[in-house]
Structures are given as C-alpha cells and as structure tokens.
Amino acid sequence: MAFLHPDYLLSNPTASRLYHGTAEPLPIIDYHNHLSPKEIAENHIYPNLTEVWLSGDHYKWRGMRWAGVAESHITGNADPFEKFQAWARTVPKLLRNPLHAWTHMELRRYFGIDLLLSEHTAKEIWDEANRQLAQMPVRSMLARYRVALVGTTDDPADNLQHHHALDKEFRAGKTNLRMAPTFRPDMAHNALGDPQAWNTWVGRLEDAADLRVDSLESLIGALAKARLEFAVAGAKASDHGLSRLPDCEPDAKLAASAVRKALKGEVPIQHERDALTLEVLNATAKWNHAEGWTMQLHLNPLRNVNRRLLAAVGADAGCDVMGDERQVNGLARFLGGLDEEGHLPQTILYNLNPADNQLFAVLAGAFQGSGANAGHVQWGSAWWFLDQEDGMRRQIDDLSNLGQLSAFVGMLTDSRSPLSFVRHEMFRRILCDMVGKDAESGRIPDDQELLADLVSRACYGNAKDYFGFGIHPSFG
Amino acid sequence: MAFLHPDYLLSNPTASRLYHGTAEPLPIIDYHNHLSPKEIAENHIYPNLTEVWLSGDHYKWRGMRWAGVAESHITGNADPFEKFQAWARTVPKLLRNPLHAWTHMELRRYFGIDLLLSEHTAKEIWDEANRQLAQMPVRSMLARYRVALVGTTDDPADNLQHHHALDKEFRAGKTNLRMAPTFRPDMAHNALGDPQAWNTWVGRLEDAADLRVDSLESLIGALAKARLEFAVAGAKASDHGLSRLPDCEPDAKLAASAVRKALKGEVPIQHERDALTLEVLNATAKWNHAEGWTMQLHLNPLRNVNRRLLAAVGADAGCDVMGDERQVNGLARFLGGLDEEGHLPQTILYNLNPADNQLFAVLAGAFQGSGANAGHVQWGSAWWFLDQEDGMRRQIDDLSNLGQLSAFVGMLTDSRSPLSFVRHEMFRRILCDMVGKDAESGRIPDDQELLADLVSRACYGNAKDYFGFGIHPSFG
Amino acid sequence: MAFLHPDYLLSNPTASRLYHGTAEPLPIIDYHNHLSPKEIAENHIYPNLTEVWLSGDHYKWRGMRWAGVAESHITGNADPFEKFQAWARTVPKLLRNPLHAWTHMELRRYFGIDLLLSEHTAKEIWDEANRQLAQMPVRSMLARYRVALVGTTDDPADNLQHHHALDKEFRAGKTNLRMAPTFRPDMAHNALGDPQAWNTWVGRLEDAADLRVDSLESLIGALAKARLEFAVAGAKASDHGLSRLPDCEPDAKLAASAVRKALKGEVPIQHERDALTLEVLNATAKWNHAEGWTMQLHLNPLRNVNRRLLAAVGADAGCDVMGDERQVNGLARFLGGLDEEGHLPQTILYNLNPADNQLFAVLAGAFQGSGANAGHVQWGSAWWFLDQEDGMRRQIDDLSNLGQLSAFVGMLTDSRSPLSFVRHEMFRRILCDMVGKDAESGRIPDDQELLADLVSRACYGNAKDYFGFGIHPSFG
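Listed in order, the protein sequences are those of chains E, D and V. 5 is the number of the first residue of the first sequence in my numbering; add one for each residue after it. 5 is the number of the first residue of the second sequence in my numbering; add one for each residue after it. 5 is the number of the first residue of the third sequence in my numbering; add one for each residue after it.
If you're looking for bench data, these hints aren't it; they were derived computationally from the structure. Among the hints, a few may not be true.
[Said to hold, decoys possible] Facing chain D, a subset of chain V residues (Cβ under 7 Å, in silico):
| id | residue |
| --- | --- |
| 1 | Tyr63 |
| 2 | Arg66 |
| 3 | Gly327 |
| 4 | Gln392 |
Keep in mind the model is a prediction, meaning the values are calculated, not measured. Glycine residues also receive a C-beta, built at the ideal position from the N, C-alpha and C atoms.
Hey, can you work out the whole structure from these sequences and the hints?
If you want it as structure tokens, here you go:
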C-alpha cells in the first residue's frame, strides 16, 4: 500500500468505515497542550517552516542529535534554512519513528505536499510550504482539524490577557474557537531546589495576585487568588508535573518550614519539599473538587539529565527522560485521602513510564464512584514518549482490559506546535482499527451503532461532557 | 465473524482443530478458586442471576462504578432486579473489557441465551435465566465444563465440614467431583497491623486446633495442627497472598516478639512483622515439601486503597490494586534458602504486576531441579487483573520464551462464581490459537501429535500429575 | 508452512526480498561474545555434539532442569552420549522456546540435518553430526555465516596470546577473521564481597601488568597498563556487567578505603564498594573516550540465586536471574557526569529486565550529541534472556519509536557456542519482517533502496563504522 494511503492504519473494512464515517469528521477538544496563547490570540503567521516546526520542538531536536547533527543546526545560530536542511537530512533516518509519520502527515494535511522530505526535496518543500504559510495564520491550522478548544498550560503568575482577548472574540461571535488556560502551580514546589528561581517566581506570583507571600498560608492564598483569574478566563482544569506523589501524610508544619527556608534562599530538606508538594496539590484538588474542575497528574519524568545541554539550551531541551520512581503507594495515599474527605475531583492520571500502564489503569478503577459520573478518575492518554502507534495501542488495550474504554476522554497533543493535530488523526485511526478488528473477529458484537457510539465518545463526546468547557454549538 | 462464533479466538485451522479436537473436551482441574464449600456441599440453587453473578463479584462492581452506577445498586440496598438492571445498563459500556465477553459466554454456555445484555433485554434475560436457575444446582454448573476438582481457599481456623461432606459423597460413588481445601495462613502475618482482628483470628485458630496460642511456637504449632485437618480433607496445597517476600534472613526472635506484642494488642514494628511472615511461610514450605504439597505465592497486591469503600463495604470490595514493590531479591532469598536446606516444595509464583512477568518466569527457572519432576517451580497463570486475553497471551508467550510451556500446570479461575469456568474456555482457545499460529507459520513443527500433547498437558495433564488430587477415574 | 521454511519469520514479500536480497549475504561483526580465544586461535575441532553444544551452555542446562533432567546428565558425570540423549529428550518439551528453534536451525545450517531432535533421532543425529564435526574446525563454523570479527570478553589479567596468534595469521594473509579482546574489569569491584577471590584476582593482575597493587592508584594503574595490552591486541571496547550504576557522586577516598580493606581481606561496606565501582568505570570511560573505544554496560542481572547449584557447579550455572533494581537515576548521573566533563565515550546500554526497555531507549537519546557521529550512545540489542523473537521485536520496536533504528549497531551473540550465529539469522529475519510489514501497510515508504539501506546498516554497516575494528576488505 502507498505510504500514508487513505486507509493508513485501518487494517479492516469496519475500521475504515468507523474512521471515515464517524471519527474523522468529529471536532477536537485538545484539553492539554503547550501552544502559545499569544500566537493564537494574535492569529500569528509563521515566517517559515523552521519557525513552526523546529523552533521549540524537542522531539525533533532529539531526532537530529541522534542522527549526528551539530547543536549549531538544532538550537544554535545556523540560519533557518540551514536548520531546515539539517532536519531534512535527518528525516530519512527516522524511518519507523513517529516523527517520520507525523512530518509527512503534516506536509500532506496542511500543505498538500506529498513529497518525501530529504535533502533532495528540502528546497522545493521549503519554498512551497513557506509560500503557503504566508496565508496560513495559526487559527486556520486549527480549523483544518476542527479544533473546538485549545487547553493551554499556564503558570499561576502568568498574565491571561491573551485568553481574555480570544474569549472576547468568542463572545462577540467572531470565532468559534475557545482557548482555556490550565492552572499549573508546579513552580511552587518543583523549584525548591533552586531558591533563586523559586523566589523570582514568588515575586511574579505576588505581582499577579497582588498579595505578599511570607508564609505557607500566604503562598496558598496567592495561588488561590491567581486561580480565580483562571476561572474568569475559562479554566476547567489544573495540571501537575512531578516525579511521584510523596508517600507520606500531609504535614503543614513541614510545608511551612519549606516556605520559610526557601524565602531565605535556603534549600529545604526533602521531607519539607514533599510536604509543600502535598499542600499545594491538596489545596488545588479541593478547589478543583468544589468547582467541578479536573486535576491532571503527569508523573515520572526525570528532568534535565544532560547538564551540558541544560546549561547551553535551558530546560525542555530534549534531555528529560522517563523515571523509574515507584508510583503506586504515594498516589494511592493521595487519592485515598482526598476521597475519604469527600474532596476527590475529577482526576486524570498520566504515566510516562509504560511499565506503569496497568498499575495506573487499575488504580483509577479503585477510585471510581466518588462522583456521580462515569470515569470520574481517568487513566490518561499515551503521553510524550508514548505518544506513538505502539504506545497508543498499548494504552487503549490496557485501558480496555483493566478499565473502561467507553468512558475515556481520549487524546490530546501535549504539543508546542499548531501542526501537531495529526496526532489526533493517528489516535482516531488506531482506535477505529482496534475496535474494527475486534468486531470482525467476533470478540465484540459487530453492531455498527454500538461501535460508532464507542468511537464517537472516546474521540469527542466524553471530553465534551467531562470538562464542561462550553464548546461552540457549531461543533455539535 | 459473528460475536463469539464457534471459532472465537481461533484464527487459524490448526488452532480450531486443536481446540475442538483436543482442548475443549478435557476436564478441568480448578486448583485455586474462592467458591463456597458450603454451596457446593449443599448443591446450592441460586434464586436469581443477581445472586449468582453480582452478590460477590468485585470485578463487576468495579465495572459498574466506572460506568457511574450508584453504590446502592452495587453493594447497597437496591433490590435484586434493580441491581441486575444496573448491571445490564453497564454491560454495553464494557466493550473490549473481559467482563463483556465473559458475561455473554456465560449466558450462552450455561443458559443457551445468545441475546446481548442491555437495559432493553434485561427483563427477558432475567426471567429466562432465573427460570433455568431453579433447575440448575451449582454442581450441574460445574459439570457443564467437566470440572473434576474444585480447590477452595480456606483459613486454618475454618471448619472443613463441607469438604468432608462432599468427600463422603465422592467415596460413596455419588459424585465424581472432588473438592479440596487450600491452606491459607495469611491472617497470621497480614493482620498484624490490626491487633484486634489478629487476636479474634487467633481465638478462632485456638478453637479449631484446640491449642492455646501464647508464643511463636504455639502459633506455629496450632497452624501445624490445623494443617493436619486440611490433609485429612484432601488438601494438596497451601496458598499465600502478600505484597512481597521480605528481603531479610529468618529471625525467630523477632518473630516471637511480633507474636508477643500482637497478643498484647500492640502493632509490631515492620521488622518483626516481616520476621513472622517468614516463620509462617518457612514452616508451611517445609510441611509442604515433606508431604509433596504445592506452595502458591500470590504477590504484589496493594489492598484496600479506597478507605471510604473499605469502611462502607469491607474488604474485597474492588479497591485492591496492583503494587509496584520490588519482588526479586526477597523472593530469590526465600526460595534459595529453602532450596539450600533441601526443603523447597513444588511452588507456583504468581505476579499481579505484569511488569514482573519476565522476572518471575526467569526466577522459576533458577530453582528447577530441586525435585525430580518437570516444572518443580512454576510461574503461574495470568491472575486477577491479568486474567484476560492480553494478559494470558503475554503470560503464555513469556513462559514459552523464558521457561517451558510444556510443563505448565495451566489455568485456574481464582473466582467466587460457579459460572466463571468460561475463563478456562478462553484460556484454552488462546493457547490453541498461539500454538496453531506457530505451527502454521513454520515456527514449530506442524506435527499434530506433538501439538495435541502440548495442549493437552497444559490444559489438564500437567495439573493432574503435579498436584496429585486423586481425580475420579471417569475423567481419564 | 513447513518448520523453518525458507521464508521463516518473513511474513510478507517485501520482507522476503529484503532478507534474501540484502540481509542474508552480509558478513557478521559479532562484537560481544564469550567464545574461547584459544579454540579460535588453535582452530579447535570438537570431538562431539555434547562438547560443542552442551559443555558450557547454561541456556540449555536451564531447559534440561525445567524438563526434570537430573544434574548428573547436565553438568555431572554422565558420559557425553548420555548427556546428549538427555538433551534430545528435552528438546520436544521446548516447543515455543528459542532453544527449540536454535537447535534445529543449527542442525540444518551447519550439518544439513533436517530431522527433529528427540530420543528417537538422537543416535542418528549424534553419529552424523559427529562425523561431520571431525572435518569442521571452529573457524569453518564461523565462515559458514561470514563472521568477520569475533569480539571476545576478557579479564584485564588474561593473557592475550591467542588474540596475538590469530592477529599474526590475519596480518600474514592466512585468515580474514579478526578476533578482538574486550576489556572487562568487573572483578575489580564485583568480587569485593569475597576478599579471597578478589585478592587472587589482584595477584593475577599484578603479574599481567607487572605492577604491585597496594592502593587505589596502583589498582587503577595496573588496569591502565593491562588495557594497553588490549589495545595492542586490537581491542576497541570495554565491557561492564553490574546490577546498577550506584546513584552517588564519585568519591576517591571511599574507593581507596575499599581497596585498603579488600587488600587486608575485609569486605568493604556498600558505600565503599559503590565508590570503587565508579572509580573503575570512570577511569575506563575516560580511556575509552580518549581512544575512540566503546563502553558497554550490561545492567540488572542478579547472580547465583541458587546457592546449591553455585556450590555444585560454580558461577554461570544457569541460576542468574533478572534483577529489578532501579536503573535510571544512577545511570543518568554517571553518563551526565562524563558528558559534562567531555569524557563520554561511545556507549552501549543493555538492560536485562525488559520492563526497562523504554527507559533505556529514552535515556540513550538524552546523551546524543556528545560525539560528532550518529548514535553516539546506543541502546543495545535484546540480551541474554531477551535474545528471542519476542525480545528482539520489542527491542526493535521500542528503539524505532523512541530512538533511531537507522543508527543501530545491531545484533551480537553473547554466546559461548560457535554454532550460535543462527541468532544473527533470526535477528535479520525479524528485522526484515518488521520493516517489510511497515512498508507494505503504508507506515513507511515502500522505497526499496531506502529499506535496503536501513536493513544493511543495522545488520552490518553501522557496527563496521561504529567500532572501527578494521574488518578484512574481503568482507566489503
């Protein structure tokens, strides 16, 4: 079959029918990503492919480094076309890597270019894509895949002006796109190892909240006040990235001590840091629960293991890795504590290490029934390194076997690139393929209505109902 | 293909021939389950489907909670038909979950009902199944799948009168079904965190053994005496459920201290609890070895993580999860110690976390040769959460690659429901499918006799030879 | 299809074309194995099949023990034909285990015998194979698969005379086979738990290096001097086997203390042992980096868990297992330290526990770009227990998804047997099957040149370029 043919990943007729008939036309609720609010609010036009593809994508940077490209042509001073050429030389070496499929899907879906990218085609593709980019503002990219909502990831100290600006357009009927911020207070605890960075951030938070932070109480108070701004801007979720939930009981005294030390420029001990982590997470969880928001927990990265690159390029340079921290005891204790007190919000658990797949799926099942709805606690989509065909298939299979696929809120991009919505297409094709295969082999009933309902929920309906973002009616 | 068609899960002609010709007609030795000895001895008739399906099945409870069913309709006071309706509404949401397949296999195999269960068919199925249940005592359910032996799971303090009652019938030629108890002394160490529960249990043990327990020695002595009762009742195995084997050397003094503290109503420290765990396990292992019994180790659950449900419903409510305790060091030390002293009994290792699959398969291989027979140490069947198609395929593949499929004692239900023997059918179909596929692709010789022998051993013959239960000759 | 038919493992026409047209004829660079330098230098003739197959192969010993063969017929005093008969009886019980496929591939490829080995054919195969063995010196076995290089595994204290002898023949144009030693200084730290063994080894090292070892400095100095001998003998790599990299900073004082204690016959504490491990590894890494050698890290075995067998048979008796030590923190710290100081050599990371597959693949990606070449840090081939179809497929898939298959240095035997090169054949078939399947399904472009280049690199070209062994020009 031709590369990326119309039935790509759809290995059976039922799958093809489900995808083209049901999944493909559905809108997208991309409830967690790292898109730029500014670029969306201003409907940014990217000057060239390097800008939109390579300027912030550490997936591609890793691919280029593995292929032996010099850092000057990755994050360094080479000019945009030189960087693009380096990428073009890398792409043929990425056969079987998701970057290879994504790259060509993006060229086809957004630009109608079905050439294979290589050093031989680099110039032709560069010219044609750049020509089109001049007429392709970011929101038209989103519209290509019927994106109804963009859930950005934002620091409590961030100014939400761009969200307000888009919201104003939305209310005025000038756009059907929603953009909701996500409350991500990680700096409050993750930066404790670097008191200078932590205090700089606290200063920004004080400005944003217009409150002095001189204690645990005032830190939590400032976060609470910042959170109200997020609510006004349409937020429906918080997000938290950490290596693991500390396996200890909350201890406000220790957490207060962490804050005092950090304010003085000292690094708190691990117990204090863990205590502050729990205070921030528990406070956020309760706010979430009170307002029907969703809490997202992204667990088990190990950050910045390559100190040379960290120094040269900064964080998010492509040298974070999977951790092998033990997850279940701390997480079960955390969820159990909230549940026991009646404060467990809707929660999505994401694991970065696939060895924890089944662990997470099963754990989610132990905390259902805290809310009245289906899938109160979710095991989230294959994430980051796992966001590829094999990772998605394993997650869908493990969720099906150990949990409930029909309640799944589905895919998200987690991406910095407005072209990355091809990943939703990949997810939908894979989902349809798996469901179709099961139906055709007699594992599940070959009842088109039942199957279409399952697919439709996991691609769009569940996310719409679960988060309550208030999608524009034009999306159905 | 139609849902659950005759060649369900059998993707190739060799598989179909192996299943229908060899595996399907074989009897079942269900050497580990949680069926009720009383119901089997009394040949219980279930009043309705809710009683036989929903009254004790935490797999289904988890499915219902995930679908948003209220607890009143799961473990609460709703009437039996209301609960059944709630289950019927849940089933279509379980597509791709093993509960969906099992439910419909059970309706077909036991009741000849091939409707899809949903709220629309709930009443019709309820009426028809209940009508049939009135003429379907539990032993006729077992006979449907040619069950030759039921291995129940019993506390040392349990009265074994029901086992004796059935045994009397067996000896009198009135039934060909055997029911053997399994000696499971978990309470002796697992309950140490709750001294009141521990002492209540010790009181029951004292009554059962007619011995006073006031020390480590007398505790082990009471267990030894209780075990003799199990031997009389036909037991051939012990069973142990714990998070992990403690990675320390046995220490009788610490264990004695654990007993003293617990008798006084205190919670022993972890080292003492670990020491008592090892004393109980080592003593049981030696008894097992001396009498040719089998020791089963079920490892890595984390129990009762949802304290709200534990308080409301009790243990086994569906809120146990997979643990991520490190397994190998403690387990290797334990097995190595027994082996070195010449006391290593036949042992079956079960892992709950599939990330440990290969670890367990390889470890089993390091302790073969302690006995004269093949497969002295077994890596057990996919268990609990892993008891589904994917879990079974992985276990069969990993065992094949890292150990010896031909020596495998095969499948068990581990179930509380007398209808759950469809799981043996699922296992047999999967096994035949995998063997058939390998033969048809040239991975193994396409020699029907060789293949049939392999399948026959792993489905029945090995379990018959390994445990030595004394199956009724009518089963062959 | 017939057992082991010509398109064995090749499920699609593209795969068949890639294998037979590209992969099959390529030479083999077996850069890591445990072949005997003496036997190769002397071009040894094996007296019988037991000698070449069973005398040192703990894979087969494990299979025989699992099948219930007595130790006398495995490692004991039974005569060679009795042992072979025991193996012949075992083979049919190994269906679906890689030993079954390897055994028959070896009989076919080396001896042209296509009988199935069993007790019935044992005598016929024994006679025919032994007849052929008399005319089949070890180098002719290697030539059967076009082996261009054998990378043996050697202790710093080993005499490298056999490597020199073969090298002399190579330089004189009498053979096109290269044999390079690999510098494996494990004893320096792994033997610290047994001071007598450690001091015996130190004595051997002193003799080999002609240096007195009385301190950390002189120990490292003796290793350095020994390493020079390896360089002269054509070595291009070091190799290190350990359970995990210690997660601590280097500490020369603690390491020096370890050496002092061990010299006095004492067992150093764990911190000291870890410190010495890091000193040895860091020193070797820097030497490797300076000379363009490759460092191989084989991680997470747990050795000799069966003490009975260790006492009876010695190390490497088949009772090592997979460990479940946490890997990533120590490893990331070690690689990060070397990288930061500019000393990170080409490195290959091998994990024994497949639960760590993705962890290792991702970690390798964080340290690319230290060198100018592609794949500076490699995630190594499926190793030891994982060296079978499923293990290889998972490794190839995980490497493709998370890293870069096109830069992969590919397969090695890690074997003690000169007949084990069928494993390269198995790897090549699997690789071609996977690449072909992706091309035929439209996942990657169906461009024969591109695919052949990918396969050719991963089977031969990358290893040739990466290690720089100086392969004989006749191999291309």
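(request) Enumerate the violated hints, using their earlier numbering and listing them in ascending order. (result) Hint check: 1 fails alone, others pass.
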